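Participant: Here is how the chains run, residue by residue.
Number of protein chains: 2
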Amino acid sequence: MLATVLHAPGDIRVEKVPDPQIQMPTDAIIRVIVTCICGSDLWPYRGLDQIGPEGRRIGHEAIGVVEEVGRDVHTLKPGDWVLMPFCFSDGTCEFCQEGLHTACIHKGFFGGQVDGAQAEAVRIPFADGTLYKLAEPADENLLPHLLTLTDVMGTGYHAAKTARVMPGKTVAVVGDGAVALCGVIAAKKLGAERIILLGRHPNRIALAQKFGATDIVSERGETAVARVKEITGGWGAHAVLECVGTELALQTAVQITRPGGSIGRVGVPHHQGIPADITFYNNIFIGGGPAPTRAYMDILLPDILAGKILPGLVFDLSLSLQEIAKGYRAMDERQAIKVLIKP
Amino acid sequence: MLATVLHAPGDIRVEKVPDPQIQMPTDAIIRVIVTCICGSDLWPYRGLDQIGPEGRRIGHEAIGVVEEVGRDVHTLKPGDWVLMPFCFSDGTCEFCQEGLHTACIHKGFFGGQVDGAQAEAVRIPFADGTLYKLAEPADENLLPHLLTLTDVMGTGYHAAKTARVMPGKTVAVVGDGAVALCGVIAAKKLGAERIILLGRHPNRIALAQKFGATDIVSERGETAVARVKEITGGWGAHAVLECVGTELALQTAVQITRPGGSIGRVGVPHHQGIPADITFYNNIFIGGGPAPTRAYMDILLPDILAGKILPGLVFDLSLSLQEIAKGYRAMDERQAIKVLIKP
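Quick note, the sequences are listed as chains A and B, same order.
Residues in the first sequence are numbered consecutively from 95, following our numbering.
Residues in the second sequence are numbered consecutively from 95, following our numbering.
Bound-form chain A, shown alone (with noise of 0.2 Å):
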């Protein structure tokens, strides 16, 4: 089959790669219908993660066809469509019965400890806890909406619920990303009254105006914090969504977050650690890690299905899987917000 392996940074190529097997009797194989390209996948494409002497197979959203099962899958038989979240879990584990599926005791992440998604096909370790079985073969125009839940609308929601987004409360996303855009949708369903956007691509800016921010903030840095402070009488957003993981966004988030407020972070951190002396003086929260998006399926797809959300607005360009690289140095050059891939 063919599949995406990252060599080098900037070197991304499809190549010709052996099929995936059934490994173990709890695995399955799902044939990809539709994958993209995530925020995430740019810290190794641009040499700040490690990619290892082999190349790395990457990508980790999909929406697939379950091609073949291992004998002890029960839920699971060929043919059933479904959703495949970034991260793999057991699903019967302590944490995943809490609702904490990235904290599972069996976790691992595709295009990390297994094969990525940006590929055919893909092996799912624990294909019964892993994957979210859809009740139907999915619409076409539903595509690009529900493959958010494996990742980035799903995440955006935990960035919400972990900075504790309430009703009435004044919430601040930093950051414009895919991820930072789905918070803004996270943050408009929990309620909040007031959503101030900090990010400064006028595409971008439309689409989280379209999603519910009230407020743009297209300064950086100490500006920005100002500006932040401006909207919000003085004293900075009750609930603060970092959906970058830089430094700079850190110390943003935690300057603009109102004594008191919370902090929910999913940008995978890049940065030296969170600031000792503001965040307790403060009395701030700091929330967050990698989202259970298997979890949140369940509170998000309904709102797919009714048309309530529009996440897959985040996808701008559509590409086949031999295109990849173009849409990688797209997100790269940020020419695009995100890119939806079909093999």
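If you are wondering where the hints come from, they were derived from the structure by calculation, not from laboratory data.
There's no promise every hint is true.
Chain copies aren't distinguished; within one or between two, either way the pair holds.
Calculated cross-link-like contacts (lysine-lysine; reagent style BS3-like; alpha-carbon spacing at most 30 Å) [unchecked claim]:
(1) K255 - K420
(2) K420 - K283
(3) K323 - K282
(4) K255 - K282
(5) K283 - K304
As the structure is a computational prediction, the values presented were derived from the model and not from experiment.
Start from chain A and add chain B according to the hints.
Facilitator: Quick look at chain B alone, frame taken from chain A:
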């Protein structure tokens, strides 16, 4: 009057100083009935916090009797018995109304922005908002318990609340100082099933057990982490109360927190910051900061009056104001848990 002045690390004296005067119409002057030495007073005493060229008028916990009030003080009159929280607050701003008095827009700390309470009398800014009026003069036997409401018991409670202690959960308390011991009381009050104290001094351990600790870990560093994990089935505690503030205490706290669990930190931070990766990948919540002890008095006072909690047992040495230097030495050398001072 007589007051305590810290002149340099280890150099603490009781001196004659001018009597406090009403400076603002919202001020009151209280005569100190009892005050005490706090673990956080040891930071400047040990030279780890600024003292200032003219010395520092230290202390921030007191029970007093109102002697005089400014013309804009409306809820207090001379003769009233009051609890003085470590932080003054106007009682009317949005933060005070939300119960986060330590974020009051007019806040300040006794022994910091204004003179300290280890003295015969104290000037109280925003007396109506700051002071908590007792219904009647306090019984001599209740004084130590009531005094803990001004800081350590309220702070231990804040640690437990921000660590999201809930019924049936496993709690770990890092530290065996007075705040940590009060954290044990708070964890028990909030329904913790198992309370692990990380401490090593036999008399403190005995008190922790009396307060409700079910397990004691006296190792430090990696060994302590391993012990807590062993006790908790491999995953750590749901709620961790960080009651010290050092690098070692923080690192221990983040390592013994169960994925998805929470840390309530109330030890004044004297460390580099909160590690990003472990807290992110384990979806750990971090909360805490200066405790709004003013708000918690309503919750905790009834328990003291009913004899349900006995936080005053943390006082194991009682001295006159004149003897206060002896008290600092005893706490510095960990000969005493907490020292009560009677002017």
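Participant: Determine for every hint whether it applies to the structure shown.
Facilitator: So, going through the hints one by one against the coordinates:
In this assembly of identical chains, the alpha carbons of K255 and K420 never lie at most 30 Å apart, being 34 Å within a copy and 50 Å across copies at closest. When the C-alpha separation of K420 and K283 is checked against a cutoff of 30 Å, the pair qualifies neither within a copy, at 34 Å, nor between copies, at 59 Å. In this assembly of identical chains, K323 and K282 lie within 30 Å of each other by CA distance solely inside one copy; the values are 21 Å within and 39 Å between copies. For a Cα distance limit of 30 Å, the shortest separation of K255 from K282 qualifies both inside one copy, at 12 Å, and across copies, at 28 Å.
In this homomeric assembly, K283 and K304 come within 30 Å of each other (Cα to Cα) only inside a single copy, at 13 Å, whereas the closest approach across copies is 47 Å.
Hints 1, 2, counting from the list given before, are not met by this structure.
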